[in-house]
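Student: With these hints in hand, go ahead and build the complete structure from the sequences.
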Amino acid sequence: MAELREVKTSCRICIGTCGVKLTIEDGRVTQVRGDKDHVLSRGYACIKGLGAPDAMNAPERILHPMKRTDDGGWERVSLEQALDEIAERMGRIIEEEGPESAALFKGTQAYLNVSAAPMLESFQRAIGSPSFFTTMTIDQSAKFVGFNRIGMWAAPQHHFHDAEVLMLCGANPLVSLSVQGVIPFNMTKQFQDAKARGMKLIVIDPRRTETAKMADLHLQVRPGEDPALMAGIIREILANGFEDKPFCRDYVSQLDALRASVDSFTLDYTATRAGVPAAQIADAARLFAADNRIGCAYSSTGPNMAARSNLAEHLIQTLNIVCGRFMRAGDKLRNQGVMNPLWLKPPVAEVIPPMREFETGPKSRVRGIGAMFGELMSGTLPEEILTPGKGRIRSLLVTGANPAIAMPDQIKTVEALKALDLLVVVEPFPTATTELAHYVIPPKLLYEREDLLMTPAYEGMFMPVPYQRYCPAMVQPPAASEVVDEWRIYWGLAKRLGKQIIFEDTPLDMETAPTTRDLIALVMRHSPISIDELEALPDGKIFSDFPDAIVQQGDIGEKRFEVMPADVLADMAEMRADDPSLLDAEFPFRLVSRRMRESQNSYGRNFPAVRERFKYNPAFMNPLDMAKLGLAEGDAVEIRSPRAAIAGRVRAEPALREGVVSMAHCWGGLPGTEEPYDLGGSNTARLISLDEDCEAVNHMPRMTAIPIRVTPVDGAAFANNFSEPKEEVLS
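Heads up, our numbering is the position in the sequence shown plus 463, with the first residue counted as 1.
I should point out that these hints are in silico values taken from the structure, not numbers from a laboratory. From a predicted model like this one, the values you see are computed outputs, not experimental measurements. Keep in mind that the hints are not guaranteed to be accurate.
To be verified - In the BS3-like style, the derived pairs of lysine-lysine whose C-alpha atoms are separated by at most 25 Å in a straight line are:
| # | residue 1 | residue 2 |
| --- | --- | --- |
| 1 | Lys708 | Lys795 |
| 2 | Lys1004 | Lys499 |
| 3 | Lys530 | Lys881 |
| 4 | Lys881 | Lys853 |
| 5 | Lys1022 | Lys795 |
| 6 | Lys658 | Lys795 |
| 7 | Lys652 | Lys676 |
| 8 | Lys484 | Lys471 |
| 9 | Lys484 | Lys499 |
| 10 | Lys484 | Lys652 |
| 11 | Lys658 | Lys676 |
| 12 | Lys499 | Lys471 |
| 13 | Lys795 | Lys663 |
| 14 | Lys663 | Lys652 |
| 15 | Lys808 | Lys1004 |
| 16 | Lys826 | Lys881 |
| 17 | Lys499 | Lys652 |
| 18 | Lys958 | Lys530 |
| 19 | Lys962 | Lys853 |
| 20 | Lys826 | Lys853 |
| 21 | Lys808 | Lys1022 |
| 22 | Lys708 | Lys663 |
| 23 | Lys1004 | Lys484 |
| 24 | Lys1004 | Lys652 |
| 25 | Lys795 | Lys1004 |
| 26 | Lys1022 | Lys708 |
| 27 | Lys795 | Lys808 |
| 28 | Lys663 | Lys676 |
| 29 | Lys658 | Lys499 |
| 30 | Lys471 | Lys652 |
| 31 | Lys1004 | Lys471 |
As the list claims (entries may be wrong) - Here are the computed distance ranges between Cβ atoms for each label pair:
| # | residue 1 | residue 2 | range |
| --- | --- | --- | --- |
| 32 | Ala1159 | Thr486 | 46 to 56 Å |
| 33 | Thr486 | Arg830 | 48 to 58 Å |
| 34 | Lys499 | Glu1075 | 22 to 32 Å |
| 35 | Asp754 | Ala1090 | 32 to 42 Å |
Ideal placement from N, C-alpha and C gives every residue a C-beta, glycine not left out.
Tutor: Structure follows, in structure tokens:
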């Protein structure tokens, strides 16, 4: 008779971290349901979380370390042998080229592992490599640039639960969940509750998204024109005196330069350029800045992946600054912290001046693009691998990511990954990136490892209250497997390389490995509660009995935001002189990326529940555009950019503005070896060039609002879902 039990825990696939109930039969997770008793998620769980049994029990799951053989095949090796060989090869590369030649790449699936995420960074510091990349700089490095050029406020911004107004630019949190400034738990209920208490919602997006359907005001902007639209909104605010004058007086410099730079973005000009009615622009300015005084504007991948992304982000941050949307001295924080209790060192109401790390810190070898917040920019990685010379990246360790699918300019990225002397991938499933790897090491999955609900950094960013939860391992890994706690890989490599790991400011014993529990205890070293005390609370707890954290008064007048420094002023002038219609004749459409409920980037794409809904990523179009091209639902098309072409099948979506094609990213496979489009979709990253249309500061390419043309094709020739780029583009 089967052993059957039900347990409670939390999902950690994404930042939503929903409370769930697991059904476990004979040691295997067979069902996941939302936990209606969970204090934050209240029974909600998305299809990704509900599909966890498909992942844990997948027949294609990698259960043993694998090594590439000389003939291109695979052989199973022990973990110890894999680490021995990887360390030997990595050590030789570092000795020959320097530590910068050994790069690390952290992906989305690695962020929510409380023991492994800091261990990876500890390993990076131990080997002395500046070559650290993450998926953050694939899609939102503009935020790094914005903070570096404009400055930061040392206390939090206004909280979602206090907001009278919320502006979301290119964000769809009802699907993606992970949007700065929005509470990720049971997102639809969060927005319904906020709307019921009177919060006004402004959404800027070329598509009437699931989130935009709840908006009080939806500005259906032309893709790529977010910076022009934001300039027009800021001009309207300043022209009407809607700004927070005392805050600007005390904390903002270059306000006159800002006024001058946006002066030509009149309502009529901005409306024509951004494709939004002038009355809506005026309404957005009044609703955000005059009618409501609490609440912030936030960006996501829409403006952060389009052309002029740095300028768009700068102006969105400037909007919050001129409207003073920050907590002030005497304000009480809603979340005083569990892991890093903020009452021990309360936040201060003052400006952290611009750091401009990209000018003063480490730089990429080839283009001289500067690092920010400890990361090099992902757009520089392929050239750092392919360009000969001292310090060339020859070794890459990838965890929780699928760069062969996710990185911009897939053509160059795959060429670079193939050129590596050593590619190590920490990954539980076969992916396009593992196809290129020399070693693959499979980690434990979420219900097989000991963990906490959320890392200290995310606790402060996304948690609405001081809640934390200990998540024990609920099941053992599959019998006879050799999956591993991910942190052991990095500790084991450091040991073999003779390096000392400093984990959370603590030197680790490099002869005897710690336990996962030891590491979690170190992560909790500042917390007023111990791991034992937290473990005794199986449902977690909102620690409302902690002392209040009160914002303290800081410097007034000396430290200031720089809202219009010289380089941003030059960006503004360049945008104003630009003619956005230049490419329209040859490439009349704009391709925008979209999120899917069923998967997170490439994660979960091949699970049965997802495949039942989507076998490929459709090319969504406005029905009026389809009619002009003589296209019917499901017709085959070629989608061509100045870089390359991919295949698509059209699907009607009236919610899209005309002239826009919307496709999900992270589909398709490796060029030349992938399945036909109808079985695996197309990779939109092929349409992007890392040699053109990149931002100057962070080498961020245009990954959305991509100029394209759409051409019907004969279905009989549709098996080939990749057209080689033009030779002149490659050169």
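Student: Look at each hint and say if it fits the structure.
Tutor: Do the hints match the structure? See the list:
1. Lys708 to Lys795: Satisfied, since the Cα-Cα distance of roughly 23 Å is no more than 25 Å.
2. Lys1004 to Lys499: Holds: Lys1004 and Lys499 sit about 15 Å apart, inside 25 Å.
3. Lys530 to Lys881: Distance ~15 Å between Lys530 and Lys881 Cα, so the pair holds.
4. Lys881 to Lys853: 19 Å, holds
5. Lys1022 to Lys795: Holds, at about 23 Å.
6. Lys658 to Lys795: Satisfied, since the Cα-Cα distance of roughly 23 Å is no more than 25 Å.
7. Lys652 to Lys676: Roughly 14 Å between the alpha carbons, so the hint for Lys652 and Lys676 holds.
8. Lys484 to Lys471: Measuring from Cα to Cα gives roughly 5 Å; hence the hint holds.
9. Lys484 to Lys499: Given pair Lys484, Lys499 holds - Cα atoms ~9 Å apart, limit 25 Å.
10. Lys484 to Lys652: 20 Å, holds
11. Lys658 to Lys676: Measuring from Cα to Cα gives roughly 12 Å; hence the hint holds.
12. Lys499 to Lys471: Within the cut-off at roughly 11 Å; holds.
13. Lys795 to Lys663: Distance of about 23 Å is within 25 Å: holds.
14. Lys663 to Lys652: 15 Å, holds
15. Lys808 to Lys1004: 22 Å, holds
16. Lys826 to Lys881: Given pair Lys826, Lys881 holds - Cα atoms ~24 Å apart, limit 25 Å.
17. Lys499 to Lys652: Between Lys499 and Lys652 the Cα gap is close to 13 Å, so the pair holds against 25 Å.
18. Lys958 to Lys530: Roughly 21 Å separates the two Cα atoms, so the pair holds.
19. Lys962 to Lys853: 23 Å, holds
20. Lys826 to Lys853: 14 Å, holds
21. Lys808 to Lys1022: 20 Å, holds
22. Lys708 to Lys663: OK: Lys708 and Lys663 at ~23 Å, within 25 Å.
23. Lys1004 to Lys484: Answer holds: Lys1004 to Lys484 is near 17 Å, not above 25 Å.
24. Lys1004 to Lys652: 21 Å, holds
25. Lys795 to Lys1004: 20 Å, holds
26. Lys1022 to Lys708: 17 Å, holds
27. Lys795 to Lys808: 13 Å, holds
28. Lys663 to Lys676: 13 Å, holds
29. Lys658 to Lys499: 22 Å, holds
30. Lys471 to Lys652: With Cα atoms ~21 Å apart, Lys471 and Lys652 stay inside 25 Å; holds.
31. Lys1004 to Lys471: 14 Å, holds
32. Ala1159 to Thr486: 46 to 56 Å: 53 Å, holds
33. Thr486 to Arg830: 48 to 58 Å: 52 Å, holds
34. Lys499 to Glu1075: 22 to 32 Å: With a Cβ separation near 26 Å, Lys499 and Glu1075 satisfy 22 to 32 Å, so the hint holds.
35. Asp754 to Ala1090: 32 to 42 Å: The hint (32 to 42 Å, Cβ to Cβ) holds, given that Asp754 and Ala1090 are roughly 40 Å apart.
No hint from the list above goes unmet by this structure.
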